[in-house]
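Undergrad: Sequence:
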Amino acid sequence: MHAIMCIVGACMGMYLAAAVQAQTPGETYPVKPVRIVVPYTPGGSNDILARTVLAKAIADMGQTTIVDNRAGGNTTIGTHLVARAAPDGYTLLTVDNAYTIGPSVQVNLQYDTLKDFVRITMLAMTSSVWVVHPSVPAKSVKELLALAKAQPGRLTYGSTGSGTTGHLAFAQIRHVAGVDMVHVPYKGGAPQITALLSGEVSMLLSVPPALLTHIKAGRMRALATSGEKRLPALPQTPTLREAGVPVAVEAFWGLNAPVGTPATIVNRLYESIARALKAPELRARLEDLQLQPVGSTPAQFEAFVQKEVTRWADVVKATGAKAE
Numbered sequence: 001m002h003a004i005m006c007i008v009g010a011c012m013g014m015y016l017a018a019a020v021q022a023q024t025p026g027e028t029y030p031v032k033p034v035r036i037v038v039p040y041t042p043g044g045s046n047d048i049l050a051r052t053v054l055a056k057a058i059a060d061m062g063q064t065t066i067v068d069n070r071a072g073g074n075t076t077i078g079t080h081l082v083a084r085a086a087p088d089g090y091t092l093l094t095v096d097n098a099y100t101i102g103p104s105v106q107v108n109l110q111y112d113t114l115k116d117f118v119r120i121t122m123l124a125m126t127s128s129v130w131v132v133h134p135s136v137p138a139k140s141v142k143e144l145l146a147l148a149k150a151q152p153g154r155l156t157y158g159s160t161g162s163g164t165t166g167h168l169a170f171a172q173i174r175h176v177a178g179v180d181m182v183h184v185p186y187k188g189g190a191p192q193i194t195a196l197l198s199g200e201v202s203m204l205l206s207v208p209p210a211l212l213t214h215i216k217a218g219r220m221r222a223l224a225t226s227g228e229k230r231l232p233a234l235p236q237t238p239t240l241r242e243a244g245v246p247v248a249v250e251a252f253w254g255l256n257a258p259v260g261t262p263a264t265i266v267n268r269l270y271e272s273i274a275r276a277l278k279a280p281e282l283r284a285r286l287e288d289l290q291l292q293p294v295g296s297t298p299a300q301f302e303a304f305v306q307k308e309v310t311r312w313a314d315v316v317k318a319t320g321a322k323a324e
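Going by this note's numbering, the residue at position 3 of the sequence shown is 3; the numbering climbs one at a time, nothing skipped.
Incorrect hints may appear among the rest.
Unchecked claim - Each pair of labels, with its calculated beta carbon distance range:
#1 GLU242 to ASN267: 48 to 54 Å
#2 GLY73 to LYS278: 43 to 49 Å
#3 ALA284 to PRO235: 17 to 23 Å
#4 LYS278 to GLY199: 42 to 48 Å
#5 GLU302 to LYS139: 40 to 46 Å
#6 LYS216 to VAL259: 40 to 46 Å
#7 LEU114 to ALA71: 21 to 27 Å
#8 GLU281 to ARG241: 32 to 38 Å
#9 THR41 to ASP112: 38 to 44 Å
Claimed, not checked - Only pairs whose alpha carbons sit at most 20 Å apart, straight line, appear in this in silico SDA-like list of lysine to any residue:
#10 LYS317 to GLN106
#11 LYS216 to GLY199
#12 LYS139 to THR239
#13 LYS56 to VAL67
#14 LYS322 to GLY178
#15 LYS307 to THR319
Everything labelled a hint here was simulated from the structure, so no lab data went into it.
Don't be surprised by glycine CBs; every beta carbon is placed ideally from N, CA and C.
Starting from the given sequences, assemble the full structure and let the hints guide the process.
TA: Have a look at this one:
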């Protein structure tokens with residue numbers, strides 16, 4: 001009897017082992033906490049999305065999220081860390097415009113922006129806002145460009161650093177409008193906003209969450225938004241195109257995984273995130289921040305990233321802008 005039980009036990013063990021081997025990685029994923037690398041300091045839009053949308057999506061899959069803020073190198077430190085991580089779905093990366101700009105302005109990147117990652121989904125997007133200090137007499141984009149032409153080199157624009165979205169967007173504006181304005185880079189969003197509030201710089205371009213309170217209080221004036229559509233919070237503020245400047249820049253946030261991550265895991269993550277983005281309370285929170293929930297498919301996000309990388313390469317070539 002004992003011998004029979006041993007044989008049965010051995011057979012059951014072999015059966016279970018075979019069953020586990022037959023499972024694809026996505027069928028059991030995730031079985032442990034998922035680390036989300038945010039290549040910025042805490043508090044920004046990447047961080048907020050990681051701690052809300054991604055935390056909810058992964059909680060709905062039965063696991064917890066570890067948000068790992070790895071700022072530095074204009075996002076390259078955190079991005080490189082994920083490029084070297086195991087492609088098992090347990091180390092993911094939030095990305096934004098800096099990710100698609102990087103190949104055009106960063107020297108000696110330690111990873112390939114397109115080849116070393118797979119795209120999971122775009123989380124959200126929004127328009128940036130072009131704001132000026134109240135001391136600037138221009139009340140519209142047309143008036144500001146006329147002022148810049150009349151006083152070349154006098155007006156200044158801040159950015160979160162050389163080679164960032166704000167820097168390149170203004171470089172493109174300068175190029176198409178034929179005006180001379182001086183770039184003043186800062187180390188992050190908070191310093192550039194402080195500089196504008198004090199009048200140290202004339203203008204800047206940034207995402208709505210950082211600016212709306214100051215705009216409503218009259219501490220800065222909104223001239224235009226950078227996207228294809230007007231922002232709900234600023235319905236009277238025209239887009240750049242409406243203001244006569246043929247430039248459109250959408251701020252976006254998305255999620256990547258290391259190349260080699262199984263498609264079953266990528267698809268499970270995408271489906272869970274897309275569901276989370278449909279939750280009414282989460283949508284309301286993002287919309288309060290003027291962030292439009294997206295939830296694109298991996299293929300759609302891949303096509304978007306490819307297009308953005310090419311677009312910024314063209315801007316850098318045309319304007320000669322570079323990370324200094």
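Undergrad: The hint says 38 to 44 Å between THR41 and ASP112; measuring C-beta to C-beta, is that right?
TA: Given about 26 Å between the Cβ atoms, the range is violated.
Undergrad: Given the range 21 to 27 Å, decide if the beta-carbon distance of LEU114 to ALA71 lies inside it.
TA: Between LEU114 and ALA71, where Cβ atoms are some 23 Å apart, the hint holds.
Undergrad: When you check the alpha-carbon spacing of LYS322 and GLY178, does it fall within 20 Å?
TA: It holds: about 18 Å lies between the C-alpha atoms, which stays within 20 Å.
Undergrad: Do the Cβ positions of LYS216 and VAL259 conform to the proposed distance bound of 40 to 46 Å?
TA: Holds: the Cβ-Cβ distance is about 44 Å, inside 40 to 46 Å.
Undergrad: Tell me if the beta carbons of GLY73 and LYS278 are separated by a distance inside 43 to 49 Å.
TA: Once the Cβ atoms are compared, 35 Å apart, the range 43 to 49 Å for LYS278 and GLY73 is violated.
Undergrad: Please work out if LYS307 and THR319 have their alpha carbons no farther apart than 20 Å.
TA: holds, 18 Å
Undergrad: Quickly compare the C-alpha distance for LYS56 and VAL67 to 20 Å and report which way the hint goes.
TA: Holds, because 13 Å separates the two Cα atoms, which is no more than 20 Å.
Undergrad: Has the hinted range 42 to 48 Å been met by the Cβ atoms of LYS278 and GLY199?
TA: holds, 43 Å
Undergrad: Do the alpha carbons of LYS317 and GLN106 lie within 20 Å of each other, as the hint requires?
TA: Holds. LYS317 to GLN106 sits at ~14 Å (cutoff 20 Å).
Undergrad: Okay, GLU242 versus ASN267 on CB: inside 48 to 54 Å?
TA: About 39 Å separates the Cβ atoms of GLU242 and ASN267, which means 48 to 54 Å is violated.
Undergrad: Taking 32 to 38 Å as the hint, is the beta-carbon distance of GLU281 and ARG241 inside that range?
TA: Since GLU281 and ARG241 have Cβ atoms about 34 Å apart, the given range 32 to 38 Å holds.
Undergrad: Indicate whether the distance between the beta carbons of ALA284 and PRO235 respects the range 17 to 23 Å.
TA: Hint holds: Cβ distance 19 Å, inside 17 to 23 Å.
Checked against the numbered hints listed earlier, the structure breaks hints 1, 2, 9; every other hint is satisfied.
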